[in-house]
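Hints are included, so try docking the two chains, each in its own frame, into the full complex.
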Amino acid sequence: MRIVIAEDSVLLRAGLTRLLVDAGEEVVATVGDADELLRVVQRHEPDLAIVDVRMPPTHTDDGLRAALEIRRLLPSTSILVLSQYVEERYAVELLSVDSAGLGYLLKDRVADVKDFLADVRRVGSGGTALDPEVVSQMFARSRRQTTIDRLTPREREVLALMAEGRSNQAIGSALVVSDGAVEKHVSNIFTKLDLLPAYGDNRRVLAVLHWLDS
Amino acid sequence: MVSFSAIVALASTAASLVVVFPLAIALGWVLFLTSRGIGRLERARARAFLGLDIADPVQPLGEGSWWSHWKARFTDSARWREMAHGVLLLPLGVLTFTAMVVAWCGSIALVALPFYAGSLPGGEARFGLFEIRPGAGALTAMVVGLVGLGVVAPWATVLLARLDTAELRWLLAPRPESDLEQRVRQVETSRVAAVDSAEFERRRIERDLHDGAQQRLVALAVTLGEATERLADDPEAGRELVAHSHEEAKAALKEIRDLVRGIHPVILEDRGLDAALSGLMARSPVPVTLDVALADRLPAVVESTAYFVVSEALTNVARHAGATQAWVSVARLQNRLIVEIRDNGQGGADPERGTGLSGLRDRVTAVGGWMHVASPTGGPTTLTVEVPCGS
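Residue numbers (our numbering), protein chains in the order written: chain G, 1 to 214; chain B, 215 to 605.
Because the hints were derived from the structure by calculation, they are not lab data. The C-beta atom is built at its ideal place from N, Cα and C for all residues, glycine as well. Do not take every clue at face value.
Which bits of chain G does chain B cover? Going by a derived footprint, with three or more residues having C-beta under 8 angstroms, they are [to be verified]:
#, region
1, 54–66
2, 169–181
Okay, derived cross-link-like pairs now, DSSO-like style, lysine-lysine, Cα gap no bigger than 30 angstroms in a straight line [said to hold, decoys possible]:
#, chain 1, residue 1, chain 2, residue 2
3, G, Lys107, B, Lys468
4, G, Lys114, B, Lys285
5, B, Lys464, G, Lys114
6, G, Lys184, G, Lys114
7, G, Lys107, B, Lys285
Okay, the calculated beta carbon distance ranges per label pair [stated by the list, open to error]:
#, chain 1, residue 1, chain 2, residue 2, range
8, G, Pro56, B, Lys468, 23 to 33 angstroms
9, G, Leu12, B, Gly582, 21 to 31 angstroms
10, G, Gly32, B, Val436, 29 to 39 angstroms
11, G, Glu36, B, Glu395, 33 to 43 angstroms
12, B, Lys468, G, Glu183, 32 to 42 angstroms
13, B, Leu445, G, Ser142, 44 to 54 angstroms
Next up, chain B with everything else stripped away, as it sits in the complex (with noise of 0.2 angstroms):
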């Protein structure tokens, strides 16, 4: 009987709760999605009337399936704080609207009080506890309506609008700790992008000198070998061969310098930026102009990055712009190095397809900057990076 009784009993319960928990889960999402539409509502308004810009701490959901989604609305207090200033807008909005209403109109009552006072029933106007008659009674509830007028009220409004500007910063705004949560984030990318770029960087490097010169030093070899054996019964073929090899060997140097010079130049190191970009600037085949306003040298990460990026850019510009000229720009705004690189070529490039933009895109990360490339179809292409370089 008791079994029966418990069985059947916690049977029916879940089988009606069966029914409820999806309706829960869509009512959830209802909710949160009502009240996300409320916080962005109310952050316009801030913005509108009260000049005050407030960041959105909601978390985007990204990638994922609905119930990851549900998931992470479940756990982002921001999406909380949000929904509990779309409680307190009620009770909050009373409160206002009462005490304007008392402040302003009880204090044009109260001065308009002495001329209409004798044409009330009875003769007397009741406030409160208060019972005023018309004459000496009426003047003093006049002076103390024109100091409410006069002081009460605008200090009541300015006071309501300071409640209703803590409030939402209170319960809208970014949370200092998520602030550091969301810099924890960015390290995260960058480190993430300096992994990327090394691992760019190195396959490019293992590339220009398997391509370039381990091919001529290979040549060389073969001919070196083939000038050994024929030095002997036909020398001036032996001959020959060795001033090829020559030619070769110096091919090999110059490459090898190049890929170096493309890595981290030593003049860098020992001039900075101005000097080493313009031998960047002299040696590149699209006429380049120059404008470098530096007074200081820059921290070393900051311009082997500049440098880098110049070069880079310099180098698709003389790849695949097809342009007639470049302009290359360097300046620091307070604590950012500003490098602007601009051609009059064909544009369209696309930093999501060409490995090269990518490549920049990832180094310039790394050290927490950022690359912005403008190029429509038809030109001409603006590539701007910026990079925190201290104070």
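Here chain G stands alone, though its shape is the one from the complex (with noise of 0.2 angstroms):
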């Protein structure tokens, strides 16, 4: 996979580029700003980006608004957005176009090395990878907490993973249970909530944002 990588600290640059290297991936081109990340993804229109929020020029949001613009210019570029804090209300700005190839997470994920590659490889062929912290902000901020107290805890689990973007098998291994058992949880939910099952990865996952943020 050919990778892109925005991260104005010098140190965590050289971490993500020697981790993803030995992993076997390539990394095209490694920036510091905002401005040279959308030159450099015009330039090699790498399959995946991995952004930090905050970059300069201004230090503030700079890496989410070159990954939205990266976005409408590169569609089939992945972006795997990096940051010292999630904010839901980032998430949602971000999956506002789509879910599709789109990945939000803490930088503490990437200590989790086995976890942190495997989000890499989800997100650059497609997939989507939202962070715990930022689902578990959509779970209590969402108005439908009577539903989801009908949820059984097991099936609770079991919706935060399918929001984060897993499939059922990672979800199966996650929670030691067979596919069987998570396809079970997974119709069983779907019924609760009164959704249409929805078919493919990314789908499930806006159907569920969705959801949560009605």
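Okay, structure coming up:
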């Protein structure tokens, strides 16, 4: 996979590059600010851009705005947004276009190398990766608390993992249950939430997030 | 001879004055106290009869010895003006009374003149220089009386009431320059509060870093050191120690993240109060219902104060209130931002004792706002904060 990294901390940039290269990915360019990112992405047209939210020039949400711009210019480039803090509002802005090939994770998650690489590959191949903290913020803020309360604890866990963008198989291995059991939970959840079953992990993420947000 | 008489004269005068001096002090005290009472009564009268709400410009005495109180009384110009009003009350009262009696009773007497002029001794009435006989003269006087009753007397009444009002305002109300002094004092108070609150915050950050992330990093360094030792002879134990260090490092990261977020979250700057409070609410262990009614962004200092207030209040709710639900509402009322945090906990929060609440108060005072805590034992607790936010 061809990857561009935009991160203004030199240490983290080097760490990310090493980690990805060791895992067999190709890092085609690394940049330290949002303007440079837009130029480099247009030149290389990578499969994935890993973008830090807070970057020069203004050190506010430059990376986020660049990410949205890339989505508009090059829809085929996946984007993984990394941040010191995750905020539901940013996630909603990022997801407002489409959840395909989109990730939004805390920087801390890089420390769990195996999970992080799995997230990178999922997003790079058109999947979704939402940080558990964003998902829990959405759960807390959702106006549908009474319906959420109707789910069993296990179903709530499955719902959260679905919202993070995981496949049934990944959910099964995370919760140490069989694929069949996961499928049963998923169909129960869709029935209880009064949602039509959505096929494909991305459409499922959008369906769940939309339900939580409405 | 000269020296003798000079010394004896001066000494005896001084001796007699020594007796008088404490008396003068005591009398002065009574004088100020009396005029204070009159001033208060007069303000109450203005409020009750004239609908005039006159603020009291007299400075409260506060803590101190009787002598410092005496000096404070002596140097407060508002007290002297109050006294002047007390003195002016009599002449003004006499003037008002006379004018009213002359205007109203004189007019009535003139109007009624035709009916009784004939029965007066000498068959004529005397009004000063005028001698009025019954007939045409009395009828003219009646017309004059009617004009007096319909126009002059009511106008004189209004005029005198205005004069009274103006005098009250002039002597009893705060002077513009003392308004300025008051403002300066307020600024002074809020400056002290700002320094206090910054100091309090710095100490809190120091304590949080020391108790949290710093301890974790120490433990991390120790564990990694141990792992380095063990890796050569017992790789399995070494690996376990490294894995443990990994967890410690992640926990330290999380603590620092939470700490920084509590000070000033980035999203507050980027997206404003509503978005930042949503994040706060989602992380609160006690369920929170949030109601933010803001059309526009507010000045940065107002947003960060409001955020800090809600953040601290929710922390308090989670730690001390024993509540199962909290409500946060934020609304703008003209040029003030009102923030209210309510919970259904056990109450008993006291800003005089808890350092958290007094820190909050300092922070709010520092930006010219105020804070009110209602927390009866048994609950519920309501914290209300008002912050000016320009126009």
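Hint check against the structure, violated hint numbers in rising order: 2, 4, 7, 9 and 11
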